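Participant: Got chain V sorted already, so can you dock chains W and Z onto it with the hints?
Chains as they are written, first to last, in UniProt numbering: chain V, 1 to 368; chain W, 1 to 310; chain Z, 1 to 259.
No wet-lab data here; the hints were simulated from the structure. Predicted model, so just to flag it, every value in this text is computed and none were measured. No residue lacks a Cβ here, since even glycine has one placed at the ideal position from N, Cα and C. A portion of the hints provided could be inaccurate.
As the list claims (entries may be wrong) - Under the rule of at most 27 Å between Cα atoms (straight-line distance), these lysine-lysine pairs were calculated in the DSSO-like manner:
hint, chain 1, residue 1, chain 2, residue 2
1, V, K257, W, K18
2, V, K240, Z, K111
3, W, K191, V, K73
4, W, K18, V, K240
5, V, K257, Z, K111
6, Z, K196, Z, K167
Said to hold, decoys possible - Covered stretches of chain Z, as calculated for chain V (at least 3 residues, CB under 8 Å):
hint, region
7, 53–60
8, 100–113
9, 154–163
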Amino acid sequence: MTVTTEIRSSRSALTRNKLPNWAPWAVAAGALVVSAAVLSLAGFNVWGWAVLAAVLFVAANWAVSFAVEGARKATDRFATSLMFGAFIVAMVPLVSVIWTVLTNGIAGFSLDFLTSDMQGVRGRVDNATAAGESPLMGGIAHALTGTFLITLWASIISIPIGLLTAIYLVEYGQGGRLARAITFFVDVMTGIPSIVAGLFAAGLFALIAGPGFKAGIVGAVALSVLMIPVVVRSSEEMLKIVPNELREASYALGVRKWRTIVKVVIPTAISGIASGVTIAIARVIGETAPLIVTAGFVTRMNTNVFSDWMASLPAFIYYQILNPTSPTNPEPSTLRAWAAALVLIILVMLLNLGARLIARIFAPKIGR
Amino acid sequence: MSSNALTDSGSAGRAGDKIFSTAAMVAGSLILFVLFCVAVFLVKESIPALTADPADLKGGVSFFAHIGALIVGTLIAAAIALLLATPVAVGVALFISHYAPRRLAQGLGYIVDLLAAIPSVIYGAWGVTVLAPALVPPYVWLAENAGWIPLFTGPASATGKTMLTAGVVLAVMIMPIVTSLSREIFLQTPKLHEEAALALGATRWEMVRVAVLPFARPGIVSAVMLGLGRALGETMAIALVLSSGPMIASLIQSGNQTIAAEIALAFPESSGVQTNALFAAGLVLFVITLAVNMVARWIVARHKEFSGAN
Amino acid sequence: MSKRIDVADLNVYYGNFLAVEDVNINIDAKTVTAFIGPSGCGKSTFLRTLNRMHEVIPGARVEGKVMLDGDNLYGSGVDPVTVRSQIGMVFQRPNPFPTMSIRDNVLAGIKLNNKRISKSDADGIVESSLQGANLWNEVKDRLDKPGSGLSGGQQQRLCIARTIAVKPEVILMDEPCSALDPISTLAIEDLINELKNDYTVVIVTHNMQQAARVSDKTAFFNIAGTGKPGKLIEYAETATIFSNPSVKATEDYVSGRFG
Numbered sequence: 001m002t003v004t005t006e007i008r009s010s011r012s013a014l015t016r017n018k019l020p021n022w023a024p025w026a027v028a029a030g031a032l033v034v035s036a037a038v039l040s041l042a043g044f045n046v047w048g049w050a051v052l053a054a055v056l057f058v059a060a061n062w063a064v065s066f067a068v069e070g071a072r073k074a075t076d077r078f079a080t081s082l083m084f085g086a087f088i089v090a091m092v093p094l095v096s097v098i099w100t101v102l103t104n105g106i107a108g109f110s111l112d113f114l115t116s117d118m119q120g121v122r123g124r125v126d127n128a129t130a131a132g133e134s135p136l137m138g139g140i141a142h143a144l145t146g147t148f149l150i151t152l153w154a155s156i157i158s159i160p161i162g163l164l165t166a167i168y169l170v171e172y173g174q175g176g177r178l179a180r181a182i183t184f185f186v187d188v189m190t191g192i193p194s195i196v197a198g199l200f201a202a203g204l205f206a207l208i209a210g211p212g213f214k215a216g217i218v219g220a221v222a223l224s225v226l227m228i229p230v231v232v233r234s235s236e237e238m239l240k241i242v243p244n245e246l247r248e249a250s251y252a253l254g255v256r257k258w259r260t261i262v263k264v265v266i267p268t269a270i271s272g273i274a275s276g277v278t279i280a281i282a283r284v285i286g287e288t289a290p291l292i293v294t295a296g297f298v299t300r301m302n303t304n305v306f307s308d309w310m311a312s313l314p315a316f317i318y319y320q321i322l323n324p325t326s327p328t329n330p331e332p333s334t335l336r337a338w339a340a341a342l343v344l345i346i347l348v349m350l351l352n353l354g355a356r357l358i359a360r361i362f363a364p365k366i367g368r
Numbered sequence: 001m002s003s004n005a006l007t008d009s010g011s012a013g014r015a016g017d018k019i020f021s022t023a024a025m026v027a028g029s030l031i032l033f034v035l036f037c038v039a040v041f042l043v044k045e046s047i048p049a050l051t052a053d054p055a056d057l058k059g060g061v062s063f064f065a066h067i068g069a070l071i072v073g074t075l076i077a078a079a080i081a082l083l084l085a086t087p088v089a090v091g092v093a094l095f096i097s098h099y100a101p102r103r104l105a106q107g108l109g110y111i112v113d114l115l116a117a118i119p120s121v122i123y124g125a126w127g128v129t130v131l132a133p134a135l136v137p138p139y140v141w142l143a144e145n146a147g148w149i150p151l152f153t154g155p156a157s158a159t160g161k162t163m164l165t166a167g168v169v170l171a172v173m174i175m176p177i178v179t180s181l182s183r184e185i186f187l188q189t190p191k192l193h194e195e196a197a198l199a200l201g202a203t204r205w206e207m208v209r210v211a212v213l214p215f216a217r218p219g220i221v222s223a224v225m226l227g228l229g230r231a232l233g234e235t236m237a238i239a240l241v242l243s244s245g246p247m248i249a250s251l252i253q254s255g256n257q258t259i260a261a262e263i264a265l266a267f268p269e270s271s272g273v274q275t276n277a278l279f280a281a282g283l284v285l286f287v288i289t290l291a292v293n294m295v296a297r298w299i300v301a302r303h304k305e306f307s308g309a310n
Numbered sequence: 001m002s003k004r005i006d007v008a009d010l011n012v013y014y015g016n017f018l019a020v021e022d023v024n025i026n027i028d029a030k031t032v033t034a035f036i037g038p039s040g041c042g043k044s045t046f047l048r049t050l051n052r053m054h055e056v057i058p059g060a061r062v063e064g065k066v067m068l069d070g071d072n073l074y075g076s077g078v079d080p081v082t083v084r085s086q087i088g089m090v091f092q093r094p095n096p097f098p099t100m101s102i103r104d105n106v107l108a109g110i111k112l113n114n115k116r117i118s119k120s121d122a123d124g125i126v127e128s129s130l131q132g133a134n135l136w137n138e139v140k141d142r143l144d145k146p147g148s149g150l151s152g153g154q155q156q157r158l159c160i161a162r163t164i165a166v167k168p169e170v171i172l173m174d175e176p177c178s179a180l181d182p183i184s185t186l187a188i189e190d191l192i193n194e195l196k197n198d199y200t201v202v203i204v205t206h207n208m209q210q211a212a213r214v215s216d217k218t219a220f221f222n223i224a225g226t227g228k229p230g231k232l233i234e235y236a237e238t239a240t241i242f243s244n245p246s247v248k249a250t251e252d253y254v255s256g257r258f259g
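Just chain V, same shape as in the assembly (with noise of 0.2 Å):
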């Protein structure tokens, strides 16, 4: 057999009418070009050259696209442009948010920022920080404790409830009423603002502890409001997954239901369940508007969360920035703000971080 086609590389008749791969950096390069001309005469500056660098290029690439490729082609170029548009312009805020807690919150981390609370800062220590008398003073340590407290107390009493709650709609439920019930009401308080959450909070132990009763377990009640719907579904899809093959088998070797959830179902699911529980946690941990509503906010460190207002992250940021301990200087609440929150990204990723590693880690091999 002897080859007969000569092969052409550049110009196939599979290639024919189509634009060579350069050709939209070479669009590109002419719209930076003519939009920088065109703001030179109307006054330059970076944004406006992007945008109208932008909309240039999306559109000249579709013209040179209509009129060599066709409108088919032309479309799609167009879609491409769009997407990779969104994408850029969805990732300038993004970034945005990421450089300012890193670049603030390094510059207002120090180790004693971790180990010390706001007793004592004062307005007049702010202005000697923000004059250079001396440095940044005051620290989360009171809101670490708080957040710690308030979210393992939240935890404590939301995973118990929500995992039986999964186990009865699996396991016991069966399709019926009060399954289906439960089912839809999950639903419901997925979507419950989380400020009225902590309405509900402060309203009950108002009724049980007297008006304007403020303490860490008020503030863990309103976080589980949240919580529990969350450790709810994630569970109740973990056992859901569980093969039915599991149980029964546990059934006939004689075991009881209640010791073949325990015993085989849930160790069977337990990866993906921590895994679902330490994502609710990471979400309610960053959880402002409840906790300003039903634990209050204070300078120093109180670790009792049955009496007395407890700090916490969210609401230390919150304060720092809303009422800055020196009303005349407010440099320094802002860069404890940005440090705190530097604090809180990092709790809320290594959380998030962590339930990966749990649900890839400790996953049963239910291999075939």
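Facilitator: Positioned in the frame of chain V, the structure of chains W and Z alone reads:
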């Protein structure tokens, strides 16, 4: 027949079953009870506010006038957020699922998931310290050149702490959430449908349009609705970013307020019937978010059978 | 060990749907009985009623009597858990517990019920059960490895070892070889032949050669059509069923004319 050898089982084991199943049922019922309490509670605490003398309430207007303005503010903020976030979020989700290189896509998906987990107070802090000042020049420009549109009536706020800024912050906040949910839906598109489209000579965009989007439509709607629910209930971003005031049409002046932010700002210092008014506001917010969730569910249920998702 | 089973006038329902109608059968101790019949004829459903496993499916219920050496499984006050600890079951697909080692899988019936036993007793049970399932030589060096690491045939024998570890009177097998390759199937069939020295074995199978190879008696189930209940058509010595059945339908089925 009474001497059945199979009946002499340990009664202790049976009790264990009974206790465990009862515990599970009680836990489930407790959720219903709590939710019932939330509803009863909010209603009970709200009632005094409805009949209260306007003089006792904040601003000296009747509760309904007060809450009306707050509802409008809440809806405006959420609408801005949704208008800005939805197209971008869907675009980014499509970009990650169908346009970005495979290796990049996985990392991006992961980053978006992490961004969705950032607490809202941080977005609020960013909004007030970075975004608001940065938006002042565009606002001034808008007031000068588009001031004849009521939405952009000047004079523009000198701090940038306006409704539009708050809406943008909300958009930035809900965008990762909507992206993350939409991306999951896009990835579930049956490969067979996509390949069928490509095999017919469709371009990538045509494949997305005929195979991916129809399949994902109910999923996108529910993702957007979830984002809307978040935006409506969001407290901290608004409380920090918006310099609140009476109801006003212009989005680039300070003014307006949302329900959630009003509760967060006023609750710590409120007392008496003013507290009741805040509970009533909370109830209204609860009802609005509930309605949004129901509508989302209804849309998803209605479209499920036509989506080919089976 | 090993008891006989006598079934009298048994009907099985799913909700209002009659799935299996009017079964009467007497299964002798220390025999292997095979249930054969086309798909959907109710043989697996009926097998499950012999240790009340059908109760796991919502809405399933029975009428009639199942006697284990004269004790009615469905008598008032009988705990299904007790029934199942005396009548074990092996399933279609091997299902070792994925979170447990091979050793723990064998001991599952004891450990899950929180019975305390000494380590030497436990070792004895593990060895004798795995010996009894012809698996000991293959796994004795890796008892602490997860059971899911074994091959399909080994997993199925592990499940049999797990079943005999609780010392049942009867072992029910629901198509135990349908997910296995021919060599593993042979190993299970050899094992069934040995098991009948100690246990009453009832096996559901789709494979008529298998029924002919392993069973002493064979019961043929059939169904008149979709929506109709399954029925026991003929029950006799295996040799009789395969060479000289008394019912036309049985002959058609075993000679491969339908089904």
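Participant: Which earlier hints turn out false for this structure, listed by number in ascending order?
Facilitator: none
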